[in-house]
Amino acid sequence: MMTHREALEVVIPHRRDQVVVTTMGSVAIWSQLSDSPLDFHYLPSSMGQGVALGLGLCLAQGTNSRGVIVFTGDGGLLMNLGCLVTVAQYRVPLYILLIDNGLYEVTGGQPVAGARRTNFAALARAAGIPRVYECRERHEWAIVAEEALHGDGPVFVWLQVQGELGKVTPTAPRPMAEQIARLQQAWR
Amino acid sequence: MIDPQDIVSALASAGFTHVVWIPDSHLGRWEAAILASRLSLIRVCREGEAVGVAMGLILGGAKPVVVIQCTGFFEAGDAIRNAVYDLKLPLKLIIGVRSAQAARRGATTDNCPYFTEKVVTAWELPHTHFDPTTATAADTQRELQSLAHQPFAAAILWAE
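In order, the protein sequence lines correspond to chains A and B.
With our numbering, you'll find the first sequence wraps up at 188, consecutive numbering, no jumps.
With our numbering, you'll find the second sequence wraps up at 160, consecutive numbering, no jumps.
Don't take every hint at face value.
Ranges between beta-carbon positions, derived for each pair [unchecked claim]:
no.: 1; chain 1: B; residue 1: T121; chain 2: A; residue 2: Q185; range: 31 to 37 Å
no.: 2; chain 1: B; residue 1: G15; chain 2: A; residue 2: P13; range: 46 to 52 Å
no.: 3; chain 1: A; residue 1: Q32; chain 2: B; residue 2: T108; range: 55 to 61 Å
Worth flagging that the hints you see were computed from the coordinates, not collected in a lab.
Bear in mind that the values here come from a model prediction, so they are computed numbers and not experimental data.
Every residue gets a Cβ at the ideal spot worked out from N, C-alpha and C, and that includes glycine.
Using the sequences plus the hints, can you model the full thing?
So this is what it looks like as structure tokens:
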């Protein structure tokens with residue numbers, strides 16, 4: 001099974017001009033891999049709202065949307081599972097990458113409800129998301145990443161990764177106001 | 001009672017671009033007029049999610065208004081806290097206050113009017129009260145223009 005970091009590393013060569021929204025554990029890793037003004041580290045956050053925020057960004061741009069990649073965790077998605085149904089109503093270039101480690105990692109590694117039993121790909125398909133991928137190994141993800149991260153959306157990618165203990169609560173590399181200013185300037 | 005068509009026209013002329021909502025039996029009467037307008041209607045599954053979508057819309061340069069019942073406002077507290085105080089976004093809400101009109105007549109035991117005022121105040125969310133049973137179309141237009149043009153987050157408590 002791939003690591004969280006490997007899951008994010010695979011995205012780097014395939015990301016073009018999309019906005020990337022990171023949440024929770026992905027904030028610390030992505031900020032080591034990328035420093036684009038189109039990176040939006042959604043922290044401090046309201047847990048579970050990353051996908052909704054990404055959808056809003058897509059809808060704001062209408063049919064000319066450059067596309068939005070959202071890294072969400074399994075704990076966050078479980079807090080707002082209905083967002084899959086909401087997203088499926090729209091044909092927008094929203095690429096939801098679920099980092100499923102089965103844990104609330106930064107709180108000490110307690111398992112999420114239904115850890116490693118929930119089939120998130122099936123949930124996404126049942127919600128009506130037309131393109132769904134699932135990968136456990138880095139090489140599997142590397143093979144499909146180019147296809148998964150481009151073209152018609154929404155897209156849902158279920159990335160099962162190793163649970164890692166000892167992680168601390170991440171901090172965003174910049175204050176929120178600066179992040180928003182950078183994003184909005186680059187977005188125009 | 002102000003006509004839904006007048007409400008939606010006022011929302012559009014105030015500059016709102018999207019209505020993100022979960023309707024209740026009062027607000028739901030606006031739907032046909034919204035669908036016939038230039039406003040984009042975004043249906044979500046829970047009220048906190050409505051705030052999340054609105055955050056993205058605002059960051060992307062749109063002017064959404066979140067339209068929800070007070071019960072959903074109670075549920076959406078953390079998302080509102082995050083939008084207004086962490087991201088400092090000019091989130092605009094119309095919050096339908098269930099049983100507000102009956103409460104004024106002393107004709108309900110519904111605790112929604114009582115707690116809506118308490119919770120909006122607790123979140124330090126600037127707000128006004130609006131009664132569609134006595135308002136004219138011009139009143140509605142003024143109220144929604146005022147909401148739209150506040151540079152900070154604000155809400156209208158809409159008496160149902």
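Against the structure, the hints come out as follows:
1. B:T121 - A:Q185: 31 to 37 Å: With Cβ atoms ~36 Å apart, the hint holds.
2. B:G15 - A:P13: 46 to 52 Å: 41 Å Cβ-Cβ, so the 46 to 52 Å window is violated.
3. A:Q32 - B:T108: 55 to 61 Å: Since the Cβ atoms of Q32 of chain A and T108 of chain B sit about 56 Å apart, the hinted range of 55 to 61 Å holds.
Going down the numbered hints, you'll see the structure goes against just number 2.
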